[in-house]
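Protein chains: 2
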Amino acid sequence: MTQIERARKGEVTPEMEFVAARELLAPELIRDEVAAGRMVIPANKVHLAKNLEPMGIGIAAKCKINANIGNSAVTSDAGEELDKLHAAVHYGADTVMDLSTGAGIDEIRQTLVDASPVPIGTVPIYQVVQNLNEFLDMKPQDMLDMVEHQAKQGVDYMTLHAGVLIEHLSLTMNRITGIVSRGGSLLAQWMMHHRQQNPLYTHFEDLCDIMYQYDVTWSIGDGLRPGCLADASDKAQFAELDTLGELTKRAWAKNNQVMIEGPGHVPMDQIPMNMERQIEVCHGAPFYVLGPLVIDISPGYDHISSAIGAAIAGQHGASMLCYVTPKEHLGLPDAKDVREGVIAYKIAAHAADVARHRPGARDRDDELSKARYEFDWNRQFELSLDPERAREMHDETLPQETFKSAKFCSMCGPKFCSMRINEDMRKMAPEELTELASSVAEAAK
Amino acid sequence: MTQIERARKGEVTPEMEFVAARELLAPELIRDEVAAGRMVIPANKVHLAKNLEPMGIGIAAKCKINANIGNSAVTSDAGEELDKLHAAVHYGADTVMDLSTGAGIDEIRQTLVDASPVPIGTVPIYQVVQNLNEFLDMKPQDMLDMVEHQAKQGVDYMTLHAGVLIEHLSLTMNRITGIVSRGGSLLAQWMMHHRQQNPLYTHFEDLCDIMYQYDVTWSIGDGLRPGCLADASDKAQFAELDTLGELTKRAWAKNNQVMIEGPGHVPMDQIPMNMERQIEVCHGAPFYVLGPLVIDISPGYDHISSAIGAAIAGQHGASMLCYVTPKEHLGLPDAKDVREGVIAYKIAAHAADVARHRPGARDRDDELSKARYEFDWNRQFELSLDPERAREMHDETLPQETFKSAKFCSMCGPKFCSMRINEDMRKMAPEELTELASSVAEAAK
Chain A
39 MTQIERARKG
49 EVTPEMEFVA
59 ARELLAPELI
69 RDEVAAGRMV
79 IPANKVHLAK
89 NLEPMGIGIA
99 AKCKINANIG
109 NSAVTSDAGE
119 ELDKLHAAVH
129 YGADTVMDLS
139 TGAGIDEIRQ
149 TLVDASPVPI
159 GTVPIYQVVQ
169 NLNEFLDMKP
179 QDMLDMVEHQ
189 AKQGVDYMTL
199 HAGVLIEHLS
209 LTMNRITGIV
219 SRGGSLLAQW
229 MMHHRQQNPL
239 YTHFEDLCDI
249 MYQYDVTWSI
259 GDGLRPGCLA
269 DASDKAQFAE
279 LDTLGELTKR
289 AWAKNNQVMI
299 EGPGHVPMDQ
309 IPMNMERQIE
319 VCHGAPFYVL
329 GPLVIDISPG
339 YDHISSAIGA
349 AIAGQHGASM
359 LCYVTPKEHL
369 GLPDAKDVRE
379 GVIAYKIAAH
389 AADVARHRPG
399 ARDRDDELSK
409 ARYEFDWNRQ
419 FELSLDPERA
429 REMHDETLPQ
439 ETFKSAKFCS
449 MCGPKFCSMR
459 INEDMRKMAP
469 EELTELASSV
479 AEAAK
Chain B
39 MTQIERARKG
49 EVTPEMEFVA
59 ARELLAPELI
69 RDEVAAGRMV
79 IPANKVHLAK
89 NLEPMGIGIA
99 AKCKINANIG
109 NSAVTSDAGE
119 ELDKLHAAVH
129 YGADTVMDLS
139 TGAGIDEIRQ
149 TLVDASPVPI
159 GTVPIYQVVQ
169 NLNEFLDMKP
179 QDMLDMVEHQ
189 AKQGVDYMTL
199 HAGVLIEHLS
209 LTMNRITGIV
219 SRGGSLLAQW
229 MMHHRQQNPL
239 YTHFEDLCDI
249 MYQYDVTWSI
259 GDGLRPGCLA
269 DASDKAQFAE
279 LDTLGELTKR
289 AWAKNNQVMI
299 EGPGHVPMDQ
309 IPMNMERQIE
319 VCHGAPFYVL
329 GPLVIDISPG
339 YDHISSAIGA
349 AIAGQHGASM
359 LCYVTPKEHL
369 GLPDAKDVRE
379 GVIAYKIAAH
389 AADVARHRPG
399 ARDRDDELSK
409 ARYEFDWNRQ
419 FELSLDPERA
429 REMHDETLPQ
439 ETFKSAKFCS
449 MCGPKFCSMR
459 INEDMRKMAP
469 EELTELASSV
479 AEAAK
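Chain order of the listed sequences is A and B. Everything in the first sequence is counted per the working numbering, starting at 39 for the first residue and increasing by one. Everything in the second sequence is counted per the working numbering, starting at 39 for the first residue and increasing by one.
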């Protein structure tokens, strides 16, 4: 039985208990959210038997972030990918996707599943492509077999672009960047060549049966997501979204857990509408968005332009934010890029939690601000999202341990530190200050 | 005569012409905006006689960004500050503030004004403090003299915390971080010690007379801006804002140009309200905000958490965004930090321009996206906000010149490049594709 099936029967599973404790929410609330399909707990039974710590993804829970890792044909191997997994989990990724498309795919995936305490996601079509000399030779059964193969390895959720239909393709022809999803474009090519419907759509229930067996969660891909601002919120995107809504219900009917993937590249003013529309069309299934980038001219800094979009998306209801690293559009990220991407997205997700007033969301901010006011530098570093980086930057100018309790830093120096001045000011009693203000006002009349 | 005075008389000055050309707006519109106080052109006559290129700051114009540079008692000198100015202008800062508080203040300021094509701002109280052994010995005349001294040097706009009143101070006593503005906290201390009202408030019209002579633009400081999420949008902040609204009218009555400074640290969900309230209370005077940071736990990455807030602020009407560097709260930024801060804020300002549909705002994005689709790597780099960084990242894995027209990058490798696949797909005529889709749909029935 899957988490959703057990939730629907009224059961609170150990995984739901774990998630509840983590989220500071009642176990029954978690159960009800899972039953309603508004929350998923991607936990493949195989991975659960190893060292997976269940993660709840849904609007009632804290906003989550995913880090994509994986090699490409051009660069990286299992050792490097394990380094990236460590970096991702260390800095706070809530799930990790292995998007390997190069050599040693099986070995990399097994290494990651075995090592990872967070859910692992994949895009099975990548390995199907890798296995074939010519992708167009793919048979629908190849996809089913691959999903089963990866499910057996313990993959917790899978991106499958089942909603890209042949009738949507002509809607992308006038786009600036066409179809930018790798899975989406491969399937489009296959459909046109074979003059057939998307095999993931026609074999959807068969796929559900495999997913059910292992409780693999669907992450239904948005193969037609916009790849630039100009293509955002167009007919192609929303035609596919309608199909994703249909597939959500079909997966739920099979007691499968479902997330829906979203864009991509979207101007800021269109993001709230995009979130609301997905929630409505997909019946509240958790929305898992890639950024979105809010401008297209920031290569080298796309983690920042997309963190802006991600924060707004999270504020308006997205449940998980797929990170973007500084290398996006330029090359394969290394462990250093993973760190930058994860922290940018921890910021976005946390900003969304604060804005949505999720339970306890602001506690750590308040603690850090108190430490700041009290000149407790070590405590400030500890409470930071990246303590090593904070300490390193502080120590560039004032490395000596004695400055860790100094009443200033190199930004303003001792004479100009407003925090120090406040401390002096607060020596006056509040009543005395109020009286003083009245007498000054009186004198001014 | 000042720009606002001439605009009110119906004159289109050469500076307004220059701004109009830059903004793709009509000169008469610029004049009307300046006359109404909704736009400022900070252009000290002394700096204008050198090599200032006039900059329009206001809601009708593109969103601007400011870079703070300047030394502190702990570190930096004139040479280093000139490097920072170069970095700031090179990467696209629209104005630069010299916040020096250490040695050689006059020399640094003159060097920067002489070298800078963008408006230079200062916070005159810093030098007053620097000149005195004990700040509490300051006389109101010291402030007037300093403003005149810096105006003579050619400073284009000045931050003066004239709106922090003695009756506001008790409102900050229960804050977590009290008063975080350096100028604000110094003035608070002075008022309490001397049992007198803020001298910048009591001598406001005298200051206006000096500003008028050189056409120095007011940047009325928000001395009581919140220094953490918990203190945001509180009574102290809004009490001061009301005074800023009063001072705006008093400055306009003296034919002075005025901007209003804003927070600071604000949760995302409170930012639109903050922007709308300032516009209303300050009668449409341009709002110049510092970030705001949307979380407090990102030391080392505050350029990112504040760029999120800045983008939203810009979308909702802020006219200029004061950058924050990765060193914020930790130490004095160097030229490397200036680059990171400026680019993060170019992203925020551009995202706001796109979201507000400002004329031509998305053109460069569309150009870059076309270059991306066409695998024109060099053109992509050229159109990027930081071409050097984009090229450098791409070249980490594929440095050879031949890859500058390659139909893939190291992120996906050749087999998985969606852009390449689209190119293949588009060989089918659109009508043929539509027919194909119909026949597949027909067969499915």
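For the record, the hints were derived by calculation from the structure and aren't laboratory data. It cannot be assumed that every hint is accurate.
Repeated chains share a single entry, so a pair holds when one copy, or any two copies, can fit it.
Unchecked claim - Keeping only pairs whose Cα atoms sit at most 25 Å apart, straight-line, the calculated SDA-like set for lysine to any residue is: (1) Lys445 - Leu67; (2) Lys483 - Gln234; (3) Lys273 - Glu480; (4) Lys83 - Glu470; (5) Lys483 - Glu470; (6) Lys177 - Glu461; (7) Lys445 - Arg76; (8) Lys177 - Asp115; (9) Lys292 - Ile214; (10) Lys190 - Ala64; (11) Lys47 - Met211; (12) Lys287 - Thr440; (13) Lys408 - Met211; (14) Lys465 - His321; (15) Lys374 - Glu434; (16) Lys374 - Asp433; (17) Lys88 - Ser443; (18) Lys88 - Arg44; (19) Lys273 - Val84; (20) Lys83 - Lys442; (21) Lys374 - Glu430; (22) Lys287 - Asp121; (23) Lys88 - Met211; (24) Lys88 - Asp462.
Structure-based check of all given hints:
{"no.": "1", "hint": "Lys445 - Leu67", "verdict": "neither (46 Å within a copy, 49 Å between copies)"}
{"no.": "2", "hint": "Lys483 - Gln234", "verdict": "between (86 Å within a copy, 13 Å between copies)"}
{"no.": "3", "hint": "Lys273 - Glu480", "verdict": "between (66 Å within a copy, 22 Å between copies)"}
{"no.": "4", "hint": "Lys83 - Glu470", "verdict": "neither (66 Å within a copy, 46 Å between copies)"}
{"no.": "5", "hint": "Lys483 - Glu470", "verdict": "within (21 Å within a copy, 84 Å between copies)"}
{"no.": "6", "hint": "Lys177 - Glu461", "verdict": "between (72 Å within a copy, 23 Å between copies)"}
{"no.": "7", "hint": "Lys445 - Arg76", "verdict": "neither (48 Å within a copy, 40 Å between copies)"}
{"no.": "8", "hint": "Lys177 - Asp115", "verdict": "neither (29 Å within a copy, 68 Å between copies)"}
{"no.": "9", "hint": "Lys292 - Ile214", "verdict": "neither (38 Å within a copy, 52 Å between copies)"}
{"no.": "10", "hint": "Lys190 - Ala64", "verdict": "neither (32 Å within a copy, 66 Å between copies)"}
{"no.": "11", "hint": "Lys47 - Met211", "verdict": "neither (46 Å within a copy, 54 Å between copies)"}
{"no.": "12", "hint": "Lys287 - Thr440", "verdict": "neither (62 Å within a copy, 49 Å between copies)"}
{"no.": "13", "hint": "Lys408 - Met211", "verdict": "between (55 Å within a copy, 14 Å between copies)"}
{"no.": "14", "hint": "Lys465 - His321", "verdict": "neither (57 Å within a copy, 37 Å between copies)"}
{"no.": "15", "hint": "Lys374 - Glu434", "verdict": "both (20 Å within a copy, 13 Å between copies)"}
{"no.": "16", "hint": "Lys374 - Asp433", "verdict": "both (20 Å within a copy, 16 Å between copies)"}
{"no.": "17", "hint": "Lys88 - Ser443", "verdict": "neither (44 Å within a copy, 46 Å between copies)"}
{"no.": "18", "hint": "Lys88 - Arg44", "verdict": "within (21 Å within a copy, 75 Å between copies)"}
{"no.": "19", "hint": "Lys273 - Val84", "verdict": "neither (40 Å within a copy, 55 Å between copies)"}
{"no.": "20", "hint": "Lys83 - Lys442", "verdict": "neither (47 Å within a copy, 46 Å between copies)"}
{"no.": "21", "hint": "Lys374 - Glu430", "verdict": "both (15 Å within a copy, 15 Å between copies)"}
{"no.": "22", "hint": "Lys287 - Asp121", "verdict": "neither (38 Å within a copy, 60 Å between copies)"}
{"no.": "23", "hint": "Lys88 - Met211", "verdict": "neither (46 Å within a copy, 53 Å between copies)"}
{"no.": "24", "hint": "Lys88 - Asp462", "verdict": "neither (56 Å within a copy, 44 Å between copies)"}
Violated hints, listed in ascending order, are 1, 4, 7, 8, 9, 10, 11, 12, 14, 17, 19, 20, 22, 23, 24; each of the other numbered hints is respected by the structure.
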